[in-house]
Amino acid sequence: MIDAENLTRKFGDLTAVDKLTFHIKEGEVFGFLGPNGAGKTTTMRILACLISKTNGEARIAGYDVSDEADSLKIRKIVGLLPENVGLYDDLTAYKNLDFYGKLYECSETQRKENIEHFLRLLGLWDKREVLVGTFSKGMKQKLAIARALIHDPEILFLDEPTANLDPESSKTVRDFILDLKKEKKTIFLNTHNLDEAHRICDKIGIFNTKLMAIGSPEELEGSVWSNKTIIQLEQMNDKILKALNDLSLNNIRTDNNKLIIDVMNPEKENPIIVEAIVGAGGHVQYVTRLSPTLEDAYLKFVRGNK
Amino acid sequence: MKLWKSWVIATKDFSIFRKKKRILYTLIILPLLISIGLPIIISFMTQIDNPTTEIISLLNAFSYFYIILAFIQSSTLASYSILGEKIEQSLEPLLATPTTDSELLFGKTIASFLPCIGVIYASSIIFMILSDAVTYNTIGYLFFPNLSIAFILLLAVPLSSILSIQLSVIISSRVNDVRTANQLGSLLFIPFIGVYLLLVTNVISLNIINLFVISIVLFLIDAVLFYISKAIFRRDEILTKWK
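For the protein sequence lines, the chains are L and G, in the order given.
Residue numbers 19 to 324, in the numbering used here, belong to the letters of the first sequence in order.
Residue numbers 193 to 435, in the numbering used here, belong to the letters of the second sequence in order.
None of these hints come from the bench; they were simulated from the model.
Glycine is no exception: its CB is placed at the ideal position from the N, C-alpha and C atoms.
Possibly wrong hints are sitting among the right ones.
Ranges between beta-carbon positions, derived for each pair [stated by the list, open to error]: (1) 213(L) to 369(G): 38 to 48 angstroms; (2) 54(L) to 369(G): 19 to 29 angstroms; (3) 375(G) to 86(L): 34 to 44 angstroms; (4) 206(G) to 86(L): 43 to 53 angstroms; (5) 375(G) to 32(L): 51 to 61 angstroms; (6) 147(L) to 411(G): 19 to 29 angstroms; (7) 400(G) to 28(L): 53 to 63 angstroms.
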């Protein structure tokens, strides 16, 4: 659905996007993670046919983003939520959506139905005749999402959809994106919010001018380090360590009476480890499993690039 | 090019203009003052001895004033129309719609051109009626309408308005507030004032030949500015180079 091959964008001597390659399937939610200035918005703008690429290729639903005729077709099937919502403060919520509905070539009936549907869904129907200038940031963000959906696009580009929102508004927006995911919309999500990315995205790309890593949240987490098992003992002794060494474990560290052991398969290996400790006369106080997080993966790849 | 899309953009701007009192006042007050104020000045001229020549000269010079007015008024509206989008950061979602750059630019041109022309025509009608009323007894015939004012209103005024809008597009790509854009735009009508002073001082007269020359010059500048503004008003330029 969204394909990029060595996609590159330069601004003079500065390379904002460097040989970016990825493939997003129809109905997939792709999270694009990266620090400020990584080139995420530039990438989104290229894919939404707002700015041109310098090199490489990008296709949306088979249409070439650099072809002028194709770019109009792409813009018809794409909905965009930019970082700055860019609504008209002097128009009402209804008129804002109606204006965009017309530009997206929706029929009058479709416009009326979609405006009512999305405004009701996002809790803004009662405010439809209110000037947008009086709206809170959260309300504007919701309205901008409704605008991105007004023409029922197949693909959505969302740039930091929950940035600067209070927790309640963030949750509303996040839940709404999850509903869109159920409708099998293809979503390209720029975000800093790792928890959000983990909860919403099927696939994540960690990006800092170059694509550092790509995969499912679980794959990325797994790529950081193996699982660790932490075992708190009443008293550590050599006999216990010897028993553990006989198990040919990868990496065993001790911290006072605490054991930190790398394990490949915690469900299978942990009972064997505990059995060996008990067999060596040890007293186990607790066993904890420590798994890498998306944040660990993000930091590893982003710092690795510096 | 789908002209209806340009019209949708223009009507959206009309709705915004109606909400902005400052734009409304700027659009209406100056032409209104001119349409009433200039005939009052002329009425004082009728008091002097043998005033016919002076009155005719002044009526011609004041008629020319509408070319300047078209420039000023269009500049104000175009600054709001284009810079307003820039300030409200609404250009990005607008450019994301399946609308071509030409449709957008044309829509912005209509949004600035039509209200300005409408107000100027209304103002000029008041000006002509009042001027005729105060000069009829002195010069013995109705001075307006005449070929010169028709030439001015139907050719020079639209060309002046278009010139102003093209300049506003170019200025909008480099500034971030409406006042600066208006001030820069104001500087650019100094050549018009020069011509106006030549008319008032009778160095040149407002005959059809001179008006034709003025219109040709305006048309040529319009043509050059059209290509420059079209090159500037491209989505890639707007989102990456507009300051």
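Against the structure, the hints:
no.: 1; hint: 213(L) to 369(G): 38 to 48 angstroms; verdict: holds (39 angstroms)
no.: 2; hint: 54(L) to 369(G): 19 to 29 angstroms; verdict: holds (26 angstroms)
no.: 3; hint: 375(G) to 86(L): 34 to 44 angstroms; verdict: holds (37 angstroms)
no.: 4; hint: 206(G) to 86(L): 43 to 53 angstroms; verdict: violated (30 angstroms)
no.: 5; hint: 375(G) to 32(L): 51 to 61 angstroms; verdict: violated (33 angstroms)
no.: 6; hint: 147(L) to 411(G): 19 to 29 angstroms; verdict: violated (45 angstroms)
no.: 7; hint: 400(G) to 28(L): 53 to 63 angstroms; verdict: holds (55 angstroms)
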